[in-house]
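*Asks:* So the chains spell out like this:
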Amino acid sequence: MTAILEARHLAKQVSTSEGQLVILKDINLSIEPAETVAIVGASGSGKSTLLGLMAGLDTASSGDMLLDGDNLSAMNEDERAIIRGQSVGFVFQSFQLLPSLTALENVMLPIELKNDSDARGKAARLLQRVGLESRLHHYPNQLSGGEQQRVAIARAFASEARILFADEPTGNLDTATGAKVIDLLFSLNAEFSTTLVLVTHDDRLAARCKRVIRLVAGDITEDSRHE
Amino acid sequence: MSDQGSKSVNGAGLQRLTLIRIALRLLWRDWRGGELKLLLFAMIMAVTSVSGIALFTDRLERALLQESANMLAADRVLSGRTQPPREWLQEAESRGLQTAEFVAFASMVFSDQGNMLVSAKAVSDAYPLRGELQVADRPFGPPYVSDQGGPEPGEVWVESRILPALGAEVGDSIYLGDAEFVVSRVLVQEPDRQQGGMMENAGPRLLMHLEDVPATNIIQPGSRLTYRYLFAGDQAALETFADWLQSQPENGFRLSDVRDESQEVAEALGRAESFLMLGSLFAVLLAGIAIALTARRYSERHFDYAAILKTIGCTAGQISAIYFVILAALLVLAVVLGSVLGWLVHEAILMALASVIPIQLPEASFLPYTIGAATALICLFAFALPPLLALKHISPLRVLRKDLDDSHLSTRLPYALGLAGALVLILWYSQDLLISAILVAAVAGVAVTLGLLSLLLLRSGSAVGMRAGSASMLAMSAVRRRRRQSVLQVLVFSLTIMSLLTLALLRTDLIRDWQAQLPENTPNHFMMNITESQVDGMEAFLAQRDIATNAFYPMMTAGLVSVNGEPPRNPWDDDDDEGQQNLTERSGQLNEMSPQDGQSADAQSEGEEGERERVINRQVTYTDSLPPDNQIVAGEWWSGADIAGQVSVEDDYASRLGVSLGDELVFRVGEDEVTVTVTSMRSVRWDNMQPNFFFIFSPGTLDYLGATYLSTLLLEGEEKLQLNELLRQFPTIVVLEVDALIEQIQTIIAQVSSAIELIAVLVLLSGALVLLACVNATLDERFRENAILRTLGAGRRLILNALLLEFAFIGLLAGLIATIGAELSLYYLQTQVFGQDFRLHYWVWFAGPLAGTIIIAALGVNATRRVVNTSPLAVLRQLTV
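So the sequence lines, in the order shown, correspond to chains A and B. When you line the first sequence up against our numbering, it's residues 1 to 227, in that order. When you line the second sequence up against our numbering, it's residues 1 to 881, in that order.
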């Protein structure tokens, strides 16, 4: 099977006042379609940076990042934006909903950007699927954290993305709510056969993924699969 | 990469409509969320103040011009001592202009019981073309507007005081030359009563029909007459006609408008126009700053928006398009609402001014709305577009890394664009390089001063930590930590306060100047041709009737023959100005043609250039005390004994003549030549409608040559009747009545003063908006910082005090810089543009910084009060979402 995500000698450094700081060094990995992957590691190990590079939110200092066969490293920001719009969905720790749009409008946004004429219907069905049919016209600040994250999940699946990136999706939620959100994420993931890459501190969350990649100081120290 | 091409095509294929829909939805939500309100308000304010002021000035200017045209009874007047070719009237008519004509002359009028010197004016049917004739049915009766032009042939209208002097009533017959006329009405006022030569104003007015002139047989070869052709019509036709007239070979005729005719009115109008223009300039600049500040804050609050939009697939171009649509929608909204509000504002101004602008204002043109819309457009492109377009550069990585600092985007914004926009606006409005230069220099000056001051004050200590121990330490460390923002805030506050101070002080000075020019009890009658023996008798006469007397100035014509042995230089060489025709000079001409001496003198007081020598004739006086409103600017005024042989020269005139202190001047008075030394230079208020002289001699120099005297009187309403008795007792004196002119000037000044007040208020509103926007611009950071401080245990009082001190310090600094800037710009504006004398405004040096401190502290604390009233958790949560 062709890899949907492939990192080749991926490295990231940044300049600081104290010289070059290496965040990621020579990362090589490949992720198959419909795989569920957890990237774990301590704070500052480079996991969020890796997620950002894989999702095309940032560019590598060297090496190639291929997403669905497209080399993100060779693209400019606009080209990557188009790829993101077509293939990638996001769920963030801090939800990242547009505060001035309702739940429905937030979910409609990526569908509209694809020029789909049924944005409203599709968004409403997705929100119904995440159990928020009674909250369609609420603004983010009128929703609880769990509800906001469910809206974010609905939005992530709205673009019919092939890959879903999640950055600490339960980081801002209490344990019970977090568990419900994760259940939802995994069941939707199975339903849509999406590839899921998530960054987490949470071992229980990581354990629900079929593959765990551990980063220590910018290096992959463990890459394990389990059924 | 194989299928990227098709993906791009698909992505680029996003319909514009979708983007517009998304943009409008964001706009609507942001509006409801309050995000856009300040930006929209700033834009509306810009359009409102500009279109409001433009509408008002447009209509007021037309009204003032119309009102001043009334003072001429026409838009243009052609005058001459001989009759201008009649074809010129036909030419004007063929160009669509209205025409009228009259001839004026001084003559005696008789009845069976008496006679009187009157200034007769024979008018054609169409007279007056502008303004109206006010008449009454009996002497001093209630006036009403005449429903016809002038009198019918065979009839005359006379001013009230002619009738008692002739012992006649309305309906009686009187005689002028060989003709007999029926007095059909009493003339109360004619629009152009005070215009023109003295022959038209030598006595009370008698108005007759032009057709009747030949029957009187008064006009003989050599008669002293004034011919006037009046023209009215639209501006373009008037101008092409003026060009055509200029191309005619005949000369000796002068086409003039009200500005040429009345220096006093021209000056008031000119200053008012400059002030109104300056006022709208400030209003636009302030609104521009408010737009820039609010747009920047809006853009900063949209950093996350842009990042989220990018993660879900928006390209930079699409993000720009979205914000462009938002701005375009705002622009349309602002132009529509601002124009409506501007119209309401100008209507409100007019309503407030109803008592001082009794005249019907002409409709405004469409131009003010265009100016308002264009201003919004320029403000938008120059001030609001750059920060919003910068949003496309936001990194999408921001969604993962909250700490990602994109603030460099807003500080790196193309300020050059804003600056260029401001310059374009200033130049476009003022069409005046001088005012633009002064304004730009003032802004630049403030910026430089500020740079230096902020270096000195803000870098005076290191900014380690928050120094949360005491409120003052906390406040100062806040100012230093936010150095860039603090400097920006001080800059904006300084510019705002400077604009307000400049305008307020200019307004006060202008109005005070005008009030000083023509105070309440300005004498409104000139008495001339008084012999020395009559002075005592007249003083007694006036004292008996409780009429205040003023100084009696001896007056005579003296011709300047040489300056240090050389012929005098023509003082008006450098322009076409015929010289300052002040009232005294005009009186002199009248003196010379008064019926008493029966001599005909050239009324042209200026530049009588003989074949062999040039003699400059001037009306001169001698006195031992400096006349009021005169100030010695060089040398010394004479005092003590043995002061004969000195002359004091008006300063500006002296430099035109090339005369300096110590120069020896030779004057010819009659047959005598008098040699004098220049011992002082004076400044003179030419516009105060009082006796003013270019040359004043020391007592003992000219006394023996015999002079007639000149004095002034204040007569109001029915007091004027006393003039008849005065003239009966002293039949040789000539009275020049300038009461109507003074009243007209006072009306115009009152209108202009009220307009100035209102413009100042409008600019004040713009200023308040800027202050508010500027305080709001740093709210987020203050919220975050103070929330953190509070979670760490800082008390409300400490934080409030620190905020108060921080804003007070910024306000103090801004007030100080603003005061310096205002005084400097005032110096240039008053001396270069408004022709005023500059004086330091000492009280402002206290009031400016104090007002800055109090206003900024109050506004700042009021806006940030929520900082201490909202729970810290709510603040932190809100700001991190």
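If you are wondering where the hints come from, they were derived from the structure by calculation, not from laboratory data. It is possible that some hints are incorrect.
With a straight-line Cα cutoff of 35 Å, these simulated DSBU-like cross-link-like pairs (lysine-lysine) come out [claimed, not checked]:
hint, chain 1, residue 1, chain 2, residue 2
1, A, Lys114, B, Lys720
2, A, Lys25, A, Lys210
3, A, Lys122, B, Lys37
*Asks:* Quick check: which numbered hints come out false for this structure?
*Replies:* 1
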